[in-house]
Structure formats: structure tokens, C-alpha cells
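Chemist: Fit chain D to the given chain X structure using the hints.
For the record, the sequence lines run as chains X and D.
In terms of full-length UniProt numbering, the first sequence opens at residue 1 and continues consecutively.
In terms of full-length UniProt numbering, the second sequence opens at residue 1 and continues consecutively.
Rather than coming from a laboratory, the hints here were simulated on the basis of the structure.
Positions of the beta carbon are idealized from the N, C-alpha and C atoms, including for glycine.
Mixed in with the good hints, there may be bad ones.
[Said to hold, decoys possible] Some, not all, of what chain X presents toward chain D, calculated at C-beta under 8 Å:
| # | residue |
| --- | --- |
| 1 | Arg51 |
| 2 | Met56 |
| 3 | Val58 |
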Amino acid sequence: MHCQTGSRGTYVPTSRTIAGDPLERIERLASENAVVIFSVSSCCMCHAIKRLFCGMGVNPTVYELDEDPRGKDMEKALMRLLGNSPAVPVVFIGGKLVGAMDRVMASHINGTLVPLLKQAGALWL
Amino acid sequence: MANHNIPYAVLHGMNVPTSFIHQEGSSFDFGELEEAIVLQGVKIRNDDEAKAPLFTTGRPAATLEMFPSWPMRFHQTPRGSSKSGGESTDSGSAVNTNSSKTENQLEPESPISTKKTTPLDQQQGMASDISRTGTSIAKLPQEKRRGSTSEKQLDAKTLRRLAQNREAARKSRLRKKAYVQQLESSRIKLTQLEQDLQRARSQGFFLGGCAAAVGNISTGAAIFDMEYSRWLEDDQRHMSELRTGLNAHLSDSDLRIIVDSYISHYDELFRLKVAAVKADVFHLLTGMWATPAERCFLWMGGFRPSELIKMLISQLDPLTEQQVMGIYSLQHSSQQAEEALTQGLEQLHQSLIDTVAGGPVIDGMQQMAVALGKLANLEGFVRQADNLRQQTLHQLSRILTVRQAARCFLMIGEYYGRLRALSSLWASRPRESMMGDDHSCQTTTDLQMVQPSQNHFSNF
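Isolated chain D, as found in the complex:
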């Protein structure tokens, strides 16, 4: 596609369709200029307005028809007037055998196609430059002046070279356009990232090298992670309150306040998770908010209530018979509820697989829309699982006495604290394969140094 801004006709004060004007105004392109000059240098000097109608046909600034073997259009008529001295006019054949015939085959639309950004004078200057280098310039067939000695002739080699130049110029323009488009889209992406960052910052999210800026994590997930780490700090505070309260042998009513505030602390976590489920259910489901060891035991985006109870049962002694029944009944009902939710989720999985696999795809977008709708159901399951977790903790505090509840929640907090510590140790363990069994014993010893009682892990 020729790429010139100022059509020849405009330069010469002719009426032109506006489609010729403002074509991709990219940089000036010498390949085509050279060609144009070669072809119409003389035309400029002659300034023949008789050609005006020809240049307003509205044809696109397509390639100059430089190939001698191709027949030309609407220019076969009065040649005689456009020939310089010594040039033959009867070049009926399409093939150019000598330079004198070449001009017959030159397309008068060349002035149209050469829409240069350069001013007329530059063209004239260039023309004279080119003429000085000896490039032959063909005279336009419509050239009325006779016997002009300033026209030069083009030979086949020159024509080919000019064509190649034009082609190269065109390709380079296309490459440049592609590059610019790539830059533009990157710029837009950058702006969006900055906006996301700004939004996350204003909501209290601190980067500290977090992946949100890089786009590896959604804003909702990043916000939850930040809120969760704050919750973990609060957890430490609550636990030390429980410890202090138990050791100080507070009255039941005082201890009740501490226990209730710990339950509220967990209620707060479930509130945070409600928002996180809506923002990014996959973040919760994949457990990326938790440490690896916790993730190992993850069930539907959090802890499995029946596992927690199993862990607690042996340590809650002494319990009354009624309490024992209550705890076992709680474990049983949470197991049944977990099983029901798991089966529901399993059916969702299967339904999703069927949709995505799809069989003969009649309408891909429709299929995707259906799959999206099904994916949304995941949120409901994580919500119900969190609901189950919350109800389990509340029921525990109902079954147990205040002191038992205080000890119980302290145990829960310490248990998860140890799991998190285990994750850190695992991450920082030396990776030499030669260590083998010796190393695993070493790790156990480390843990024993951290915490005397190990029976929490025996259940798992």
C-alpha cells in the first residue's frame, strides 16, 4: 500500500477524492520516492494539467505498475506527443525491448500513487539528483511536450530495482506498524496494571514484593492474603490471652469473655472468606493462601471439621459422658455433612467435564457460557464448607465448659501454628539426597525441640 500523504493531484491543485489523502502517514519512504521521481520528474516540470481527469478516478494508491510485461491501462492513446526525441511511438507490444519503449508502458496513474509527504520542491530537487545519477526517467505518455531532451529512460534492471525497493519499503512499513501496535497494547496493559495496583494500595494492600503487581495473583486474592496475615497476627494475640487467662485461673465469666472473643475472631475469618469467595474462589480452593503443610490437608478451601475434632478428642479429657456423646455426635454429623458436600462437588466436577469436553461443538461460545455458569457454583460449595467449619467451632464451645473451651481453642491455634512451622522447616530444609533417612530424623528432632508433645501428628 502506498503511503503518501499528499497526492500528486493535490500538489498540483487538482480535485481529488479524499480517500487519497491521509493514508497511513508513516515515515517517508525513499524507495517509492525514487521511483516516483523517476517517473514523473518531467511531469512536475511540465505541469500539465490536461491529465487532471485521469488522476481523479478514485483508484487507490496501489503499486506503480513497474513490470514491463504487464499491460498498462488507459494510456495507450496519443503517444506521439509524449515522446522525446528519438523515441519510438509504436510500441504496441507489451514487452519492453529497449529503453525507448519503456515509457509507453508506464502507468499514468503513477502521479496518483506517489503520494509523497515531501513538498513539491523536494521532489524536484530529488528529481534533479536522480537525473544527475543517471537514472533514466520515463516520460509520461500523456506528456504533451514534444521533443523534450530532459527525459531519461528506464531500463528493465532499474525498473526491477525500483520495484524491489518499493516492496522492501512496504514490508518495513508493515513491520513498523506491527511493532507500534504491540507497544500500544503493552501501554494499555501497563496502565491497567497501575490502576489495579492503585486500587489495591488504597485498600490497604502493601506490596513488599508481592506477586499482585506482576499479575500472578488477582487483586481479590492479594487482598485476602493481606487480611489473612493480619488475622494470623491477631490469632497470636488471642492465643496468648487464652494462655494467660488459663494460667491465671480467671473466673469463668472472665474466661468466657476471652473465649467468646476468640470465637468472634474466627467469625471474622469466615467473613473475610465470604468476600474472598466472591472475589476469587480458586484462590481459596487451591489453598494458595495457606502454607504447604496446611494445604496438604485442605478440604474445600479450609480445614476439614471432622479431622479437627478427631485431633481434639483425645486432648479434651476429662469429659462428662454427655460431653463425650456430644463430641462424637458432632464428629459424626460433620462427617455426614462433609460427605454430602463432597458428593455435590463431585457431581459439579462431572457436569463441568461434560460441558467442557462437549462432544460436537455446535457453538463454542455457548458452551463456554454454560461452563462459566457451572464454575460459579463452586462459590456455593466453598461457602457451605466455611459455614460447616463455623458451625462446628460454635458447637464445640456449646458442648464444652468455659475452661475446656479455652483449652480447646488454644489447642486448635497451636496445632495450626505447628503446621505452619512445619511448612517453613520443610521449605528451608537442606536438599542433599545423600542425607536420606538421617535427615528426616534430624527434622523430627528439630520439631521436638520446638514442641514437646508430638501426639498431634500421630493421627495423620
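This is chain X alone, in the form it adopts within the complex:
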């Protein structure tokens, strides 16, 4: 985390804030890569979703919330976002929320996932 001090010596936070809205952080992290997965290292469903993308030839950016100091707050924010538990796994493609495992699989089956990945630059034909 970097921060810059202004000319008056006050603390001026940059985009990488320590204290900040967890949802904002989530959205920011999600926009930084084509495919972003929020996960928990011990979660088996998270492992399944990672395997799904890797199996498709996609290289997702994974954030393990149990290994992040602000992970707990982010999990809570994700739960509110999704409307239910569990908070993970959650997938963002091209900065936009796709959803949890059921939504991701449904979109893969109905054929909308691959175009979305191509559009985000995560997949090439």
C-alpha cells in the first residue's frame, strides 16, 4: 500500500487505500484483470471454478480472501452483493460481475460465457 503525503504533510491516500470501502476495493480489483475470481484457499467449489477456467484455457486472477488482511470485510461485501451465502467463489469478467458457480455454469451451458471471455480478451479463438 502506498500513500503520498501532500505538501502540508497530510496523509493523502492513493487508489490503494488501506482503509476503504471493501466493495470499492472489490470493484477496483475486478477491473484490473480480464477474469477475476474471489476465492478462499480451502474452498473446494472455488477449486472447481478455477479448474473450469483453466480447463477452458483462461488464466484467471485469483484473490484468496483468507490470505488477505481485509478479506473478512470483502467476504461480507460479496455476500451482500450476491444476496446469499456463500460469498465465494465469485467471478468478474471484464470488470463486470458474472456471479457465483451456478451463474457461471449456466452461462457456459447456454453459450454466453465464451463470447464474454473473448470480449474481455481472456480467450482467443
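Modeler: Below, chain D alone, put in the same frame as chain X:
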């Protein structure tokens, strides 16, 4: 443990700690009574209240100290007054060599320990009975009356016999207690079973010899099985509607209604499975709700979508090129999704194995709690697998035309119907080993009689 309800002291109107009273009120026990009578028959007649303080020491009604070799307590003092005529008082040694000395070694706590349920009169009656049989009765050392001729003496054999009787009585009491406890717990279990049954019945579950009453199957599983068999009946209805609709060459919009209702019929199954997953995930996972042949091809609690598509592909002709691509793409994506779920489940298995195996067990309960938490994740996988199955069926109906979809769903229904028929035939086949190959051909012929086209099975 002595087991008498009415302490001697109470019988005689003395103050006693209430701990003496209401000890296990089981049946009356002659072994101890005989002994008590023997020891205190005289005491009763004499009714000496001078002993009162001794009997309120709060000591438990332990065994009467019948063993001559053991030194006695608090009774060594004034013996002289308690002896009947001819009995020596100077029995300092602990070993009883003649009957006259025995009484010195008798524990005055015997009145305490003999907490009989019988009334005083019965004791007196018994006492007189025993005295008639010639059993010697020892006089209590504190007996103040002198020269009483009614006391009898105990010899070593009698003492031992009485001790053995007491021991036998104690063991039989313990056995009885264990038996009663067993009965009690069985009664509770029975009540719970009846409640489960009542609950299942009120939710529309009919027994018909089902295993739920016997406890081999959980209530949630039993309910799902019942709902599933109803669903199968509905399936037959839908299939005949599809058949009729196709043969009658209905308009596309009319046929669409039938096709959509068949999709809703499957949606209903997946709704039932959502509830069943929560109630009993293992029932779904082990496939006990399905027939053996279906179970053989079970994947994560149901059919494997890519297998179903493979089965359908050859029969859906003619397809447009776009449709062909759509179907192959569907097969491919369902395969990828199945693979991902399978790998996730595999990781869960491994994690569970690690938890249950555990290494040095520091806290067994903690380990179990962790394992329980991991097991709960199984539900998520079966749910996702069902979700995949549902999405696959929906996508099929999107790719295909109405007529193609109607034929497709009819094929799916018939396929599973044949698998179920195969299971029945297999179960009822003659088991003679001599039949060998001839028999397997016979079975195939039976199937051919059931259904002309056999190519569904060639893929598997």
C-alpha cells in the same frame, strides 16, 4: 449397595439423615432380610433407644460387616451388658473361634444397613421364623439386657452364607437395573420412531413395507423416494402426451405447450432434489433413489449431461449445421463443467480424508466438527450438478425446433424407462451359473422383444 427403604432408625422413630431413606426402592430382598433379622431380631424385641446416636452417623447403608476376620468399629466397648448367659465378653481377638464370641464382632451399624421395606411386624415375624429354623441370632454388643435367653448365635458358615446371599442379591439387583434401563431406552427409541412415522405419514408418505419405519432410511430420503415415484408416474403421462402430439401432427404452437410442460416437469424434479439434498445428500449421492442400472451410470447424484447428449446426437437427425454446432458445443461445455465439478469434489474427498485420518488426535471432537463442516460441502456439489443437468435440458430445447425437442424428450424418457426395465429384468433373472452365455443371450432377446431398436446401448 443395600437397598432398603425404611431405615431401622426410622422404624424406631429415630432421627436419620434423609440419605438413608429412598434408596433404590427395588424389590424386597430376602438375602439381606435374613441377615438383618438374624442380627437384630433381638434388638427389635428389646427396642433399645440408647443406640440412637450410633445410627445417625450418616453412614451409607453399606454391607453388613459379616466377615469375622475383619475388625469392627465403635462397638468394642461395654460388651458385658449385651451378652446372653454363657457368652464370654472378653473376645478381644478379631477371629471368631466360637459362636459365643461372634456377637462381639457384629457391627452395630447393622440396624442402619438393614433398611427394609417390610414393616416392623414382618421383621419380627421373620425373626421368629428364622429363630425357629435354628439360625443363630447374634446379640448386638450394645444390648443392655443381660442374660437374655432368646438370642441365638451365628457360626462362621452361617455368616458366610448370609454374605453370599447378600452378594447374590446385590448382583441380581444390578442386573435388574440394567435391564430396566435397556427397556427405558428402547421405549424412548420406539416413541421417536413413532413420531417420525407420524410426521412422514402426515406429509403424505405411505409405508407399504417401506424401510423408513425400520430406520434404514431417513425421513427426508423416504419422502423424496415417494415424490420421485409420483414424478415417474407423471413422466409416463407426459411421454404419452408427447407421443400423441407427435403422431397427431399438432401445430407447432400446440406442440410447444406440450414440450414446455415436459421441461417444467423436469424443473419440478430438480426442485424436489433441492429439498432432498438438504434433507439427505447421501441418499442422492449413493443413488439409492434410482434403479441399479441407472445407478451404474450415476454422476454426482444424477445423470451425466454429456453422456445424455452423446446418446441423443445420433438420433436427432436431421439437424442443421448450426444445430449440429450447437449440440457439439453443448456437449463440450457440459463436459468441461462436469470435469471442473469432479475435480472440486475430488479435492473435497482428499480434504475429508485428511481430516478424518487426522494424524495425532489432539481433540477428537474438534476433528469431527471440522469433518462435519466439510461433509456439508457435498450438498453444494450435488446442487451444482443438478443445476448443470437442468441447464443442459433447457439449452437442448433452445437449440432444437419444437418437433425435434418433442422427439428428443420422448427419447430421453424412453431411454431411462428402458434402463429401469433393465434393472427389473436383472433383478428377476434366474441365477443358475450353469446357464452361462446362453442366459445372457436370452436376456438380450427379452430386451429386443421389449423394444426393437437397440442402438441406445451401443454407446455404453
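Chemist: All hints are to be evaluated individually against the structure, with a verdict given for each.
Modeler: Verification of the supplied hints:
Against a cut-off of 8 Å between C-beta atoms, the interface hint on arginine 51 (chain X) holds, since the closest Cβ of chain D lies about 4 Å away. Annotation: interface hint on methionine 56 (chain X) holds; nearest CB of chain D at approximately 6 Å, less than 8 Å. Restraint check, valine 58 (chain X) versus chain D: the minimum CB separation of about 11 Å is more than 8 Å; hint violated.
Checked against the numbered hints listed earlier, the structure breaks hint 3 alone; every other hint is satisfied.
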